[in-house]
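Asks: Listed here are the chains, written in short residue letters.
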Amino acid sequence: MTDAQPEPRQESQPVPQRWTDRRWRVVVISLVPVLLLAALLGFGLGRNPRATPQAQLIGKPAPDFALKDMHTGKTVHLSDFRGHPVVLNFWASWCVDCSVEHPNLVGAWQRFGNEGTVFLSVLYQDTPAGAAGFCSKGVVCEWPDLYDPGGRTALNYGVTGVPETVFITPDGRIAAKQISVASYPLIERRIHQMAGERA
Amino acid sequence: MASVIGTFALFLALAVAAYGAVASFVGARSRNALMVESARTTAWSLTALVLIANVTMLVAILANDFSLRYVAENSSRETPTFFKVLALWSADQGSLLLWNLVLSGYLLAVAIRFRRRRPETFPWALGVMYVVSAFYLLLVTVATHPFGTLARAPRDGRGPLPLLQNHPLMAAHPPMLYLGFIGMTVPFAFGMAALFTGRLSDQWIRITRRWTMFAWVCLTAGLFLGSLWSYSVLGWGGYWAWDPVENIALLPWLASTAFLHSVMVQERRGMLKVWNLSLIVATFGLTVFGTFLTRGSILSSVHSFAQSAVGPMYLAFLLIVLCAGFGLIAARSKQLAGESHIDRLVSREGVFLGNNILLAALTFTVLIGTVFPLLNEALTGTKVSVGGPYFDRTAAPVMLLLLFLMGIGPLLPWRVGSARYLLQRLKWPVWAGALTIAGMVVTGVRHWAAVAAFGLAAFVGVATIVEMARGVRAQRRAFGGGVARSAFGAVSRNRRLYGGLVAHLGLVIVIVAITWSSTYASQKEVTLARGASTSFAGYELKYTGAAVRPEPQRTVFVATLQIIKDGRTVGVLIPSLNFYPSSQDPIGTPSISKGTPFNGFHDLYASLQTLAKKGTSATFRMFSNPGVMWLWVGGAVIVLGGIIALWPVRRRPPGAVPDVATTASEEPDRVEAEVTA
Chain W
14 MTDAQPEPRQ ESQPVPQRWT DRRWRVVVIS LVPVLLLAAL LGFGLGRNPR ATPQAQLIGK
74 PAPDFALKDM HTGKTVHLSD FRGHPVVLNF WASWCVDCSV EHPNLVGAWQ RFGNEGTVFL
134 SVLYQDTPAG AAGFCSKGVV CEWPDLYDPG GRTALNYGVT GVPETVFITP DGRIAAKQIS
194 VASYPLIERR IHQMAGERA
Chain P
195 MASVIGTFAL FLALAVAAYG AVASFVGARS RNALMVESAR TTAWSLTALV LIANVTMLVA
255 ILANDFSLRY VAENSSRETP TFFKVLALWS ADQGSLLLWN LVLSGYLLAV AIRFRRRRPE
315 TFPWALGVMY VVSAFYLLLV TVATHPFGTL ARAPRDGRGP LPLLQNHPLM AAHPPMLYLG
375 FIGMTVPFAF GMAALFTGRL SDQWIRITRR WTMFAWVCLT AGLFLGSLWS YSVLGWGGYW
435 AWDPVENIAL LPWLASTAFL HSVMVQERRG MLKVWNLSLI VATFGLTVFG TFLTRGSILS
495 SVHSFAQSAV GPMYLAFLLI VLCAGFGLIA ARSKQLAGES HIDRLVSREG VFLGNNILLA
555 ALTFTVLIGT VFPLLNEALT GTKVSVGGPY FDRTAAPVML LLLFLMGIGP LLPWRVGSAR
615 YLLQRLKWPV WAGALTIAGM VVTGVRHWAA VAAFGLAAFV GVATIVEMAR GVRAQRRAFG
675 GGVARSAFGA VSRNRRLYGG LVAHLGLVIV IVAITWSSTY ASQKEVTLAR GASTSFAGYE
735 LKYTGAAVRP EPQRTVFVAT LQIIKDGRTV GVLIPSLNFY PSSQDPIGTP SISKGTPFNG
795 FHDLYASLQT LAKKGTSATF RMFSNPGVMW LWVGGAVIVL GGIIALWPVR RRPPGAVPDV
855 ATTASEEPDR VEAEVTA
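Chains W and P, in that order, are what the protein sequence lines are. Take the first sequence: its position 132, counting from 1, is numbered 145 in my numbering, and each next residue is one higher. Take the second sequence: its position 653, counting from 1, is numbered 847 in my numbering, and each next residue is one higher.
Wrong hints could be hidden among the right ones.
To give an idea of the chain P side of the interface with chain W (calculated C-beta under 8 Å), a few residues [said to hold, decoys possible]: (1) 517; (2) 565; (3) 572; (4) 775.
Covered, in the sense of this in silico footprint (three residues per stretch, anywhere, with C-beta under 8 Å from a C-beta of chain P), are these stretches of chain W [said to hold, decoys possible]: (5) 105-113; (6) 141-149.
Please keep in mind that the hints were generated in silico from the structure rather than gathered at the bench. Here the structure is a predicted model, which is why all the values come from computation and not from measurement. From the three backbone atoms N, C-alpha and C, an ideal C-beta is built for every residue, glycine too.
In isolation and in its complexed conformation, chain W is listed as follows (with noise of 0.2 Å):
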């Protein structure tokens, strides 16, 4: 190589620091740029990417569906349940968070089943022995558990993940929605809710 040695170079011995107004002044101006990534940062953390306009359904007549009841092998028709507040909710044997939900389901259906709410369960990307096999061990699987072949029906309640829950009115309308977990005085609200619609 045509290089040269290069000068040894002496470490630099620390020189004690005074902080004058131009230091500081050089100090902010640099923070400047990083603190305007961080409020943009900020912002987005505000904010959720994968939010779908699930508001588009408040509201909005319940599609219909005709589902095969897993216990009884029977088709259920939504429109069966017509004067009925329906709880429905897609869920999945591999799902951990829908058997943290299921008590308070259990509870819920335990509470108002008699009182004419209909407990409806959709199976979501889930085989019938699956939930045959969440069922088993001595766990409350008594309402309506539907088979969803295609995952047709919870294309059509925007079903993004499991557990959802949809609530729907005696006449058949959307009235709310819970991604995640139910927890039992959501579902107890939400109940209310649809009850005091009605009268």
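With chain W fixed as given, assemble chain P onto it according to the hints.
Replies: Relative to chain W, chain P alone:
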């Protein structure tokens, strides 16, 4: 049980890291050697604790302990053992465990490396690394709970995301990237230490040169493995989509590549001090930014993990890193004045400067394109997406300019270059480039971008090879011996230079592959009845039937396409659709017939879109990708170049023959001598 052990180990590790940080800084400030030593040895316990947490998770996954939420969501009984191991990093929380393991591993390596020779900056750098480690431990203890349990353990787990249990490359791509990203912590820590202590010579660069190089090699390998994974798994026929998460892995690579080049200017000429510190802060900042974007649920992308509450913590950490880094640089700006100036623009340092300006511009372009959707939404409230065309249009010209500088840079001397000198040494490269262009034009090629890229590639390739040959000739003149021995001798005397040249050659191959495959690729979507065939890219493809292959964790439908050329069957493509119980949408596995020299390195690629009942007909997407395989050959050559530059230099006994082709600045031994002095 696993939950208790894992959680306890992580909390203990957090406490240990906090202690390490405090002990390092207090010890450094009060010059208390005992305290610094205590901080140094703490790295052992930190690594051990993080290792325990990782092993605990791994054992829980292998033992099907579905009482752990992470195991239930990311593994299942039927998942093959190999993919169970990978489940450790196939979701957010597990990958953070691995992240912590790699980080503490680097910390331990630094603690061991500097056990005897300790530069003044060492305790400060150690402290910075402990702070970074504490932050990432905070994420897995306070913000997320990788060892969270379920009240009722499910019978079986969901299994990893189907896409992530589809290809063995998942074993190599994420860990490699992590080694690259996290490795940048080391030069960052020493750079910050230099700023803390005011020891602002190039010492911090020399100390960390090989650490940076190692991280860069891993990052490079990780990026190329990622593109190979994308090509072999996703079935869309391409390897790079300018997806936000691809971009944010590319950003630290661009910044660190600029850094690897610009530090040489500081080592030789004492210039660009502010720039080098800024680059390393930017590189490290970009790795934090990258993890923030993937995990902080900011942008939507194939890679983004599930929503988690870590976003604000990442943002705070990023803010601290950038404010501390750039703030300190600004505060020290007076001491960071350059020791010399650029004498001539046509010189090695002039080209390095150009290279850095272009790389910085490229980094900025990619960064803007990546955050633009966010920016636009913040300012106008509408959602937009920035796609491939923006990046292709903006990045390609910059890449070509970079390629040109890459060709002439190594040929120029430091300080004193001249246009005439350059032209003299560029005789062969210019001929090669001109002949390539002329040849392409004469044979009727009218893709001007491709003509320019290939011509430039020939120019740079020949320039690089001539430069290598020159070194070998000089070595041979000085010491005699055969060509092979001289080549070996030349390389081992100046690994940094030849490693760089090899890496340049690799990049030339990569650029050729990208231009070749993107200019001449074609695709076709076609539905074929069983027994029917279609002609595509000079071949006839015949659908001969489908078969079902049940596997424990999935059901695989395989369709067979015969590749027929001139009436002879020359190969077969077997794309498949895989059905996983946890997902209704099948995951396709494309099939690739790799190119050979006999068909002009022409990849035939097919993915199965849909399959009619009993396989009576099938819809395929076919891609013809000429030359694409050279992308990974080039990637491997770049990595090889990095490894050559990284390889330790053997200590020579004192009084040995001085080098003909080596410069003192490239000797790590000398660094250590300086450090101990």
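Asks: Work down the list of hints and note, for each, if the structure agrees.
Replies: A quick look at each hint next to the structure:
1. 517: holds, 6 Å
2. 565: The hint holds - residue 565 of chain P has a Cβ within 8 Å of chain W, the shortest such distance being about 7 Å.
3. 572: holds, 5 Å
4. 775: holds, 6 Å
5. 105-113: holds (count 7)
6. 141-149: Contact hint for the region 141-149 of chain W vs chain P: holds, 3 residues under 8 Å.
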